[in-house]
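*Asks:* Residue strings, one per chain:
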Amino acid sequence: MPGSSVQATLRPASTTRMARSGLGDRFFQSVTFLAAMAIALLFILVAYLLYRGSHLSIEKFGWRFLLTSTWDPVAEQYGALPLIYGTVVSSLIALLIAVPLSIGTAIYLTDLAPLWLRQPLVSVIEMLAAVPSVIWGLWGIFVMVPWLRDHAFPLLKRYLGFLPLFQGPIYGVSMLAGGIIVAIMILPIVTSVSREILRAVPDLQREAAYGLGATRWEVTRIAVLSYARRGLMGAAVLGLGRAVGETMAVTMVIGNRPEIARSLFAPGYTLASVIANEFTEATTDTYLNALFELGLVLMGVTILVHILALILIKTIATPGSRHA
Amino acid sequence: MSPRYDQYRRFRNAFMSGLFVLCAVLVVSPLALILFHLLREGIGALNWSFFTQLPKPVGEAGGGMANAIVGTVILLGLACLVGVPLGLLGGVYLSEYGSERWNVWIRFGADILNGVPSIVWGMTAYALVVVPFKTFSAYSGGLALGFIMIPLVLRTTEEVLVLVPGAYREAALALGIPHWKIILHIVLRTARKGIITGVLLAMGRIAGETAPLLFTAFGNRFWSHHLSEPIAALPLQIFTYAISPYDDWHRQAWAGALVLIFLVFCLSTGVRLLSADRKKNRAN
Amino acid sequence: MAMSLDEKPLTEPAIAPPAARVPVVPPTVTTPVPAGPAKSALERPEVVFDIRQLNVFYGANRAISNVTLQIYARSVTAVIGPSGCGKSTFLRTLNRMHELTPGAHHTGAILLRGQDLYGAGVDATIVRRRVGMVFQKSNPFPTMSIAENVLVGLRLNGVRDKALLRQRLEESLRMAALWDEVKDHLGRPGISLSGGQQQRLCIARALAVRPEIVLMDEPCSSLDPLATAKIEELIQQIKRDYTVVIVTHNMQQAARVSDRTAFFYMGELVEYDETRTIFMSPSNPQTEAYVSGRFG
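Residue numbers (our numbering), protein chains in the order written: chain A, 2 to 325; chain B, -9 to 274; chain C, 93 to 388.
Source of the hints: derived by calculation from the structure; they are not laboratory data.
Hints should not be assumed to be uniformly reliable.
What the hints assert, rightly or not - In the DSBU-like style, the derived pairs of lysine-lysine whose C-alpha atoms are separated by at most 35 Å in a straight line are:
{"#": "1", "chain 1": "C", "residue 1": "229", "chain 2": "C", "residue 2": "322"}
{"#": "2", "chain 1": "B", "residue 1": "171", "chain 2": "C", "residue 2": "229"}
{"#": "3", "chain 1": "A", "residue 1": "315", "chain 2": "B", "residue 2": "171"}
Claimed, not checked - Far from chain B, some chain C residues (derived; all Cβ distances over 10 Å):
{"#": "4", "residue": "154"}
{"#": "5", "residue": "200"}
{"#": "6", "residue": "343"}
{"#": "7", "residue": "378"}
C-beta atoms are modelled at their ideal positions from N, C-alpha and C, and glycine is treated no differently.
Extracted from the complex, chain A is given alone in its bound form (with noise of 0.2 Å):
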């Protein structure tokens, strides 16, 4: 029996389209709308937090900073391109590694893979993941860099060698193990994003291939590849993008030396490693600054790269110009 059984005014309210109305509506919703705007409010903060803090590195220097390939703070000489090197080097390696391994892995695990075997294999990736990187950096230092020094780049060096790459002395730590470590740590981010482009491919697709007699390996090139080729390609960007950041693994095996060394034997030293080993140490504002500047320099790589990866990938489901 309803209970409202005479007439009843029905309560004004500031508006009347929506169900919005009142003051807990309003409330809460200025409130989630302020917590929202914490990301644009974060991206604010850091860009003005580094560049306030290497305004006098960029006063001093200029664009002269990119370019000068002397880092020598006792003498107070801040330049950036070894690092800029060291940093390039050492992810363009990890990709090389990392980035057919993980596309292999993510078709193994998307198309060949038993059943029983698949959320296993995906569990194991997870649990790769979560691995800190500083863990990593304590296996590279005392397993990882004994054994490249004892045993794979002699190896290399023996059957390579006449590649200036290969060349050199061996210390273990050096700019090719730090690749190495860089790339066993990108390899599930990118097996992941690369196995969900390939799900994210029309069964059609691999059908129409089928249908036409094709082999496994046919169908996966023809069918999938080629309509995933931009969003692979987007995973691998990603992968750099984790890359050019990897801090502490690095800083563990790489050696730690700001020069540019043809062999990859050689120790390097990367914009996020130099940021770790020497903040704490800046004794003088202009070190100091030149710290900050190298952060904002891998802080604006990183994101042109992340903007880049995300475009790649958001985009599989438009493919380009090809129909299978």
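Assemble chains B and C onto chain A, guided by the hints.
*Replies:* Leaving out everything else, chains B and C in the frame of chain A:
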């Protein structure tokens, strides 16, 4: 098609399949290797004093990482204070309010922030907190970690809330319940497990972070008596010990790494247990 | 007697007898719509919804054209018609759910007991408390028990009185013909019930806030015949105290359950009359064609 070409195609197919299996094996092997070494090197140095004692000075054997373990827990708590409210409420905004036009940008921004190297967050917290107060502190370390958490929790919260069927929102609207109460009591409640999962995953991620703590929390050989003092943390301690030239410290670094990875896996497996729980409930 | 809706109607324990209601004289109808058989002023039934020249749009598409009709208190009004004729759209304008779709708007007036539903100061949330809705697919809240589901509308509108809540819980579940089946395990999750039971739970949930009108959008379309029969039975029970508007694509159901029937076709109200008349001797040839199954 000649039979020889077919044979070649079949061979190539088998070869490529084998190659892909090899890829999977290679991708999986580092995990096996690292777990093996962690256990082999670390188990030996794990004893009661490891969990209860402070680090001993160089040269003296023994000592532990009690302050680092506690420090990590404290830093995680501080990070959650920053990361969870902002991330959760921001995710609510993206899912329940806002125009799709602007929301696309917020999402994009969050995805990019998720890719920023963690050391940059350390520098931000340094400039924001360490410099004005002229001291390394747990506050700055927690803030740096919290910065990492915000976009992570925001995205996972949004993804989970969007999955809540519109039918529930409609039913609640038809009952004359105000919109904000619907979000709070119905939508968030329905998505509760997924949100907790997202928070635990984020915590697992930041528990292992070292770089942002290098010049915010800074580390401490003793107990911190105040959050405005430098504080020890497990990953920091592992790093310091690992790069030192002392064997005893190396052993302790392995032990610390074992504890750290146990913590991280617990947080991530807690996730898996919760989602398994969800599947069980649904089957009932 | 005008009253603020916030507290009083929802917490009022005493059930006011129907006779206390002041019958509202139905406004004069301007368009020629087949009205019910002529009655004297004393017998003329109370109008709950007075819908005048209603046109409903989704963006530029007109879904409902120039509908005028009155819905009478304590009766069951069925809305029938083929798919896409605008039945559900029409229903959703009655509790202001239609406006939640982006681009939705309307012209014309809908008066609830003389008050404009879409008036300048009107809070849609309050409208929805007075006009309840049951949906096509049952949607009990998954994280709540049976009891929590029934009472959620009351609780979230601030009702705290435990005794009242308990009373309402039992009353609503009894009205929904579910009490005997669930009274021993009210703590079980709402989704642990069968499909038909879940729908009755949703009905109990809607009734618990004591709306004046209950709108039902094809409530039995996903249910088996047994569950459907139970719900049709309970509709007959609750019409003693509630006004029910039910959209159904099942003509036989409309014939079984309703007092008056409105036949919609392509967004227009073709005929609206006592159910007996619509099904036995409709005035409009289109109506006749539809109810005899020649199209649909």
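*Asks:* Run through the hints listed earlier and report the numbers of any the structure violates, in increasing order.
*Replies:* none
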